[in-house]
Amino acid sequence: MKARSKRLMLVGGGVALLVAAVALVLSAFQQNLVFFHTPTEIAEGKAPVGKTFRVGGMVEDGSIQREADGVTVRFAITDTAKVIPVTYKGTLPDLFKEGKGAVVQGKLEGGVFQATEVLAKHDENYMPPEAAHAVEQAQKASQTLSQ
Amino acid sequence: MIPELGHFALILALVLSLVQAVVPLVGAQRNSAALMAVGRPAAQGQFFFILFSYVCLTWAFIQSDFSVQLAASNSHSETPLMYKITGVWGNHEGSLLLWAMSLSLWTVAVTVFSRHLPDAFLARVLGVLGLVSAGFISFTLVTSNPFERLLPGVAEGRDLNPLLQDPGMIIHPPLLYMGYVGFSVAFAFAIAALLSGRLDAAWARWSRPWTTVAWVFLTAGIAVGSGWAYYELGWGGWWFWDPVENASFMPWLLGTALMHSLAVTEKRGAFRSWTVLLAIGAFSLSLLGTFLVRSGVITSVHAFATDPKRGLYILALLVIVIGASLLLYAARANKLMGGGSFSLVSRETSLLANNVLLTVASASVLLGTLYPLFLDALNLGKISVGPPYFEAVFVPLMTPVVVLMMFGPFLRWKDDDLLAEVRRVAPIFVASVAIGVGSAWAVDHLTWRTALGLSLAAWVVLASLRLLARRLGERAGASAGSRLRSITASWWGMWLAHLGIGIFIIGVTMVGSLDRHLDVKMKEGQHAELAGYTFVFRGVVDADGPNYDAARGNIELVRDGRVLGMLDPEKRLYRAQGMPMTEAALDIGVFRDVYVSLGEQLEDGSWIVSLYYKPFISWIWVGCVLMGLGGIFAAADRRYRRLAARDAAAAVDGRVGAAA
Numbered sequence: 001m002k003a004r005s006k007r008l009m010l011v012g013g014g015v016a017l018l019v020a021a022v023a024l025v026l027s028a029f030q031q032n033l034v035f036f037h038t039p040t041e042i043a044e045g046k047a048p049v050g051k052t053f054r055v056g057g058m059v060e061d062g063s064i065q066r067e068a069d070g071v072t073v074r075f076a077i078t079d080t081a082k083v084i085p086v087t088y089k090g091t092l093p094d095l096f097k098e099g100k101g102a103v104v105q106g107k108l109e110g111g112v113f114q115a116t117e118v119l120a121k122h123d124e125n126y127m128p129p130e131a132a133h134a135v136e137q138a139q140k141a142s143q144t145l146s147q
Numbered sequence: 001m002i003p004e005l006g007h008f009a010l011i012l013a014l015v016l017s018l019v020q021a022v023v024p025l026v027g028a029q030r031n032s033a034a035l036m037a038v039g040r041p042a043a044q045g046q047f048f049f050i051l052f053s054y055v056c057l058t059w060a061f062i063q064s065d066f067s068v069q070l071a072a073s074n075s076h077s078e079t080p081l082m083y084k085i086t087g088v089w090g091n092h093e094g095s096l097l098l099w100a101m102s103l104s105l106w107t108v109a110v111t112v113f114s115r116h117l118p119d120a121f122l123a124r125v126l127g128v129l130g131l132v133s134a135g136f137i138s139f140t141l142v143t144s145n146p147f148e149r150l151l152p153g154v155a156e157g158r159d160l161n162p163l164l165q166d167p168g169m170i171i172h173p174p175l176l177y178m179g180y181v182g183f184s185v186a187f188a189f190a191i192a193a194l195l196s197g198r199l200d201a202a203w204a205r206w207s208r209p210w211t212t213v214a215w216v217f218l219t220a221g222i223a224v225g226s227g228w229a230y231y232e233l234g235w236g237g238w239w240f241w242d243p244v245e246n247a248s249f250m251p252w253l254l255g256t257a258l259m260h261s262l263a264v265t266e267k268r269g270a271f272r273s274w275t276v277l278l279a280i281g282a283f284s285l286s287l288l289g290t291f292l293v294r295s296g297v298i299t300s301v302h303a304f305a306t307d308p309k310r311g312l313y314i315l316a317l318l319v320i321v322i323g324a325s326l327l328l329y330a331a332r333a334n335k336l337m338g339g340g341s342f343s344l345v346s347r348e349t350s351l352l353a354n355n356v357l358l359t360v361a362s363a364s365v366l367l368g369t370l371y372p373l374f375l376d377a378l379n380l381g382k383i384s385v386g387p388p389y390f391e392a393v394f395v396p397l398m399t400p401v402v403v404l405m406m407f408g409p410f411l412r413w414k415d416d417d418l419l420a421e422v423r424r425v426a427p428i429f430v431a432s433v434a435i436g437v438g439s440a441w442a443v444d445h446l447t448w449r450t451a452l453g454l455s456l457a458a459w460v461v462l463a464s465l466r467l468l469a470r471r472l473g474e475r476a477g478a479s480a481g482s483r484l485r486s487i488t489a490s491w492w493g494m495w496l497a498h499l500g501i502g503i504f505i506i507g508v509t510m511v512g513s514l515d516r517h518l519d520v521k522m523k524e525g526q527h528a529e530l531a532g533y534t535f536v537f538r539g540v541v542d543a544d545g546p547n548y549d550a551a552r553g554n555i556e557l558v559r560d561g562r563v564l565g566m567l568d569p570e571k572r573l574y575r576a577q578g579m580p581m582t583e584a585a586l587d588i589g590v591f592r593d594v595y596v597s598l599g600e601q602l603e604d605g606s607w608i609v610s611l612y613y614k615p616f617i618s619w620i621w622v623g624c625v626l627m628g629l630g631g632i633f634a635a636a637d638r639r640y641r642r643l644a645a646r647d648a649a650a651a652v653d654g655r656v657g658a659a660a
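Line order of the protein sequences matches chains A and B. The first sequence begins at 1 in my numbering and counts up by one. The second sequence begins at 1 in my numbering and counts up by one.
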């Protein structure tokens with residue numbers, strides 16, 4: 001093989017490898033994005049059914065209830081405008097409290113959000129940005145309505 | 001008074017860093033030995049003042065001087081002494097000071113261990129390091145002064161974040177920073193080489209041990225951080241693909257590519273421009289990591305800063321570093337052509353392929369980490385990219401890397417016969433797949449992922465043994481002892497690190513496939529079963545610590561009617577911040593960990609208890625230890641010292657060229 005054609009094969013092979021790898025990365029990226037929706041958006045039917053997404057807001061006061069098994073928990077997430085019921089099976093993060101911000105990930109099934117993950121945060125004064133965003137959106141919307 | 005002395009010392013350090021940055025660079029340009037000689041004492045003086053400044057800050061913490069804002073926010077008179085000391089870096093300002101001190105320590109190491117370098121080259125290296133240092137010290141002084149006073153002082157501090165009051169936190173940040181910052185040395189060598197237009201094998205050889213040592217620190221830092229997350233966060237995960245973890249993983253991936261690329265540049269003179277780009281890239285990713293973690297764009301336990309001015313400052317620093325070094329690279333790229341030629345089938349090609357894959361892997365982490373931030377910044381919606389994406393990307397990207405990683409060392413440099421080599425390793429390959437599939441079946445988890453993981457692990461282990469046998473067989477006739485001695489430290493380093501990857505894969509695959517988890521409500525005397533173990537709940541007692549109140553559970557671990565021991569997970573409430581914390585309890589074993597944590601107490605007095613069975617999880621960290629040891633062996637190779645002496649002699653004669 002001539003040096004020139006060898007180099008061509010090397011470059012060609014390298015580029016092919018790179019293209020394949022990038023294609024893989026981008027397609028995996030497309031398939032695995034988790035979107036975020038506010039309780040208001042869910043109430044308006046803007047959230048996908050049967051697909052994983054995230055909801056953020058405040059844990060509604062007085063909404064936490066435990067089933068007899070002790071590990072299944074029901075609560076509600078609100079952005080102060082709309083309320084979404086959530087069920088979750090598992091241990092809750094240390095800083096999960098009524099009236100505090102929370103973000104849950106899971107799927108919407110029959111109007112109830114089946115959470116697979118309740119996000120733990122590391123500081124009691126800290127509000128998850130998604131939760132803050134949801135409340136802010138709802139308040140903006142209500143101001144627009146009242147004007 | 002002492003905090004003011006610390007502040008003053010830091011200002012002096014800034015002045016010296018500017019001297020170190022400017023004078024030797026000008027000296028190298030003008031070929032003035034007197035100006036170049038300023039670099040060394042300036043660097044050492046800078047280190048002295050930063051160290052002094054750091055000790056002053058630590059003093060304020062130890063003395064519980066709560067008129068210092070930082071101590072008041074991050075310490076408490078009841079905090080144990082150890083955590084008063086480590087609390088110094090458990091916050092934004094202090095961790096920046098630690099960053100600057102690590103950089104200064106690396107610089108001093110360069111002045112001590114690089115006496116053989118040509119004066120002009122060393123002057124340029126020190127100049128570049130001085131510039132970086134000036135950037136970081138001025139950042140600390142301007143936006144994040146750790147010595148800021150709180151007037152009037154407060155009687156009691158707010159204590160260190162309880163998550164950080166842990167032995168793992170004592171060593172994780174310093175190790176990680178030494179790794180991050182260590183890539184600045186590889187960067188400085190690359191820039192100095194670009195400035196002097198001398199990118200030859202000698203440059204690669206000087207740069208290699210520094211890069212390897214930085215990589216060892218980074219590996220250790222990441223491993224300790226992962227271990228900390230595993231036992232401290234209370235839910236038994238060891239890697240979360242959290243943006244902060246990604247921030248340290250990206251430079252690790254690129255640093256790994258850099259180490260291998262440097263090897264080719266040193267041995268064969270090839271890949272020179274690629275090596276330079278990797279050196280710039282690895283350091284840029286370290287800076288990006290610092291930006292992501294410290295700017296507050298990512299909210300996590302690591303993000304202390306919320307002041308946008310700080311984020312902007314690091315971002316500006318990042319843009320200057322990347323922009324300036326790429327400009328310099330573009331200006332000098334024409335000098336980088338050439339180098340040893342090699343054929344399609346050679347060790348160079350396999351290293352190149354792995355380099356490309358590692359770079360793509362690093363870019364995929366970058367995409368997954370930055371894209372959500374990017375969308376958010378542009379107000380285009382909030383998304384998150386979680387573990388499923390990274391797993392979908394990493395399995396297919398890393399599979400060829402691992403296969404090639406073990407095949408490459410069998411190949412000769414420059415040119416080899418593919419068919420002959422394939423024929424030689426084919427039996428090992430087939431055996432590995434058989435072992436992988438067979439053991440996946442044996443553990444009753446025959447999924448393609450488990451079979452693939454175990455096959456890859458078997459491939460690494462078997463090929464390592466074959467490689468060792470072949471290396472030993474090279475000197476037929478010699479005694480076993482002399483054959484062993486004939487193997488160089490750097491070869492052992494390569495061998496150990498690669499074997500470590502195999503051990504690591506076993507851990508990841510087994511824990512990913514076979515771990516078990518149960519959340520259960522338990523009352524005193526009740527028991528639960530998981531993975532063949534019985535957990536008997538013996539109730540909860542009070543166990544208060546120096547700065548927290550705690551409830552300690554007593555859980556008896558039983559297997560086959562035999563009591564293996566007591567597990568005592570705690571639920572703590574740190575008094576100063578009123579923050580609850582879960583302390584898990586572990587029964588660590590060679591083939592499995594049993595992991596228990598307490599959830600919350602219910603109204604009827606029972607507790608939610610989380611039980612985990614984690615097979616082979618320790619192998620993950622054993623693998624990391626082997627990788628780190630491999631790095632240490634490689635960096636300690638005698639040949640660096642021997643050749644260093646030769647380079648020094650040659651530099652005097654002015655005839656260092658591309659070594660063969």
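Hints should not be assumed to be uniformly reliable.
[As the list claims (entries may be wrong)] A partial selection of chain B residues facing chain A, derived with a Cβ cut-off under 7 Å: (1) L344; (2) V345; (3) V360; (4) P388; (5) T399; (6) V401; (7) G512; (8) R516; (9) D587; (10) G589; (11) G599.
No lab work stands behind these hints, which were simulated from the structure alone. Glycine included, C-beta positions come from ideal geometry on N, C-alpha and C.
Hints violated by the structure (listed by number, smallest first): Result: hints 2, 5, 6, 7, 8, 9 and 10 break, sorted rising.
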